[in-house]
Amino acid sequence: MPDVFSAWGAILLASMLTLATRLSGPVVMAWLPMSPRIERFLQNLSLSVLAALVATMLARGGLREAAAVAIAVLVMMLLRKSIWAMGAGMICAASWTFWIG
Amino acid sequence: MTGKCKVYLTTVMVTESSFPITLTLSGIRLGVLQLAPVALFFIPFGIAFGVVAATKGMTTVQSISFSLLAFSSSAQFSTLEFWHGAVAWGSLALAVVAINARNVVMGAALAPWVNRMPLVQRLPTVALLNDANFAVCQAAFKEGSNDMGILLGSGLILWSAWVLGAAVGALAGPFFGSPAALGFDVVMLCFLTAMVTGMVKRPLRLVPVIVGAVVAIFTLHHLPQGWNVIAGAFAGALAGSLSDA
Chain Z
1 MPDVFSAWGA
11 ILLASMLTLA
21 TRLSGPVVMA
31 WLPMSPRIER
41 FLQNLSLSVL
51 AALVATMLAR
61 GGLREAAAVA
71 IAVLVMMLLR
81 KSIWAMGAGM
91 ICAASWTFWI
101 G
Chain L
1 MTGKCKVYLT
11 TVMVTESSFP
21 ITLTLSGIRL
31 GVLQLAPVAL
41 FFIPFGIAFG
51 VVAATKGMTT
61 VQSISFSLLA
71 FSSSAQFSTL
81 EFWHGAVAWG
91 SLALAVVAIN
101 ARNVVMGAAL
111 APWVNRMPLV
121 QRLPTVALLN
131 DANFAVCQAA
141 FKEGSNDMGI
151 LLGSGLILWS
161 AWVLGAAVGA
171 LAGPFFGSPA
181 ALGFDVVMLC
191 FLTAMVTGMV
201 KRPLRLVPVI
211 VGAVVAIFTL
221 HHLPQGWNVI
231 AGAFAGALAG
241 SLSDA
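Chains as they are written, first to last, in the working numbering: chain Z, 1 to 101; chain L, 1 to 245.
Only chain L is shown next, with the shape it has when bound in the complex:
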């Protein structure tokens, strides 16, 4: 009975707000072009990972494979914290999940678009989800775009840059200086700031921003690493929904 009811509801929603979802080559190209400037600065971060990994004793093949498979600076850097003789498997697993729990939230926010793609397209597209392409794509989708190529293309260019950087860092690491001298370390911070600023189009949209930021800061030292972002995200979304009602 409940199963039937659920199917009925989903069908109604799909037909009511049905808009065609596409995945085109021009969409992929648009995603690549839009994120290319950000991807350029992913290279020094990839290099930084390769360098640190090498000093911790990770082989070149391992750090390149790790960047290819994980494509997550925060998860990869925190794995290096566990790079000792006896790996603390449980703590490593918890740390990685906690740090990347925001991916679940971002995936959920993109679900209304993502879940309309065929499964074969959905998997590679969502597998490359990250902070930067999430910011760009949810803005594009809200403005009426329905081309999932943007998400895939932006994921691909960032992924390539990240892996390229890790390879360079692992092979030629010691020759590079600090990314902070050129301001490379604030790329993500400033890019995400710009995206948030661009998304606040009316004063009421400041509610989720302010509540999310304040809760994330106040829970930073009271929650395990990464969870303060989740706490801020949920508090902000709740406050935003209530004030928007």
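Chain Z with its partners taken away, still in its complex shape:
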């Protein structure tokens, strides 16, 4: 356990660096002149970053998480409501834990 100064130091360091990552995206883009090419890249980026996040969570998880994602995709395609998709995925994961463990 760190002493009280190191503890607050670590908290402030991690918080400030996190804030810096949030602020730097718009700051960097303010310096780049927008072009149709950059705009198209950013549009694709917003989709690929989410896909990469989901894929990473899936790779760290197991069959239970994969099943939840499959159900969520299916419900989203059928109903087009993200809340229903999220709920269906959660029910799937909870029942998996209950029945299979």
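Heads up, none of these hints are tricks.
Straight-line C-alpha distance at most 27 Å; calculated BS3-like pairs for lysine-lysine: (1) Z:LYS81 <-> L:LYS201; (2) Z:LYS81 <-> L:LYS142; (3) L:LYS201 <-> L:LYS142.
Partial list, derived from the structure: chain Z residues whose beta carbon lies under 7 Å from chain L: (4) LEU42; (5) LEU45; (6) LEU47; (7) LEU50; (8) ALA72; (9) VAL73; (10) MET76; (11) THR97.
These are calculated hints, taken from the structure and not from any lab test.
C-beta atoms are modelled at their ideal positions from N, C-alpha and C, and glycine is treated no differently.
Based on these hints, arrange chain L on the given structure of chain Z.
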């Protein structure tokens, strides 16, 4: 000369695709309402953080302050890995930046909208940027909304839920069971999955999704924690741009 040229280009872009950006109370309310169901499930995660932090020796005031200031489950949990007698400052800093590097990417993707707000509004709005409100807002903005209140409101509700959870966890932690039994642990996974699915409106939009996912998985064990998401994001965006051209 280059400076002048740059100013000229920016002005042209702004006037060409100029659309008014607003930040209204009704936008904030819409953001709060849209993310309220997700925020509800942030509470158990906040609790989980408070519990783990308490067992690692973090005081209640410290874990609440940490959640208020950082508002980042991944950065906060990984900081706990460094919670020893002598803090490894360099490694801690690197880990936090790597894990949250995706914020830079998401901020850049929202920049065309965000950078049209006055600076006073821009700071609090971007300070609350996270995976969930990014997913919702960039979808809303692409569909023609110009109200940044959605981003601010959704950030505020998620932030409140996160801090509330951490407080409950730090104070009453040992009374809670595992979030996995109720499926709370897959909330973010399923929510982001739903957002991605909703965004793929034509087959070609699958290119950045598939390339991004495959590259992120294959680089997961070859890159420091967090960077595989960046690698996947850039590869996917590049592939998407090329196929869309």
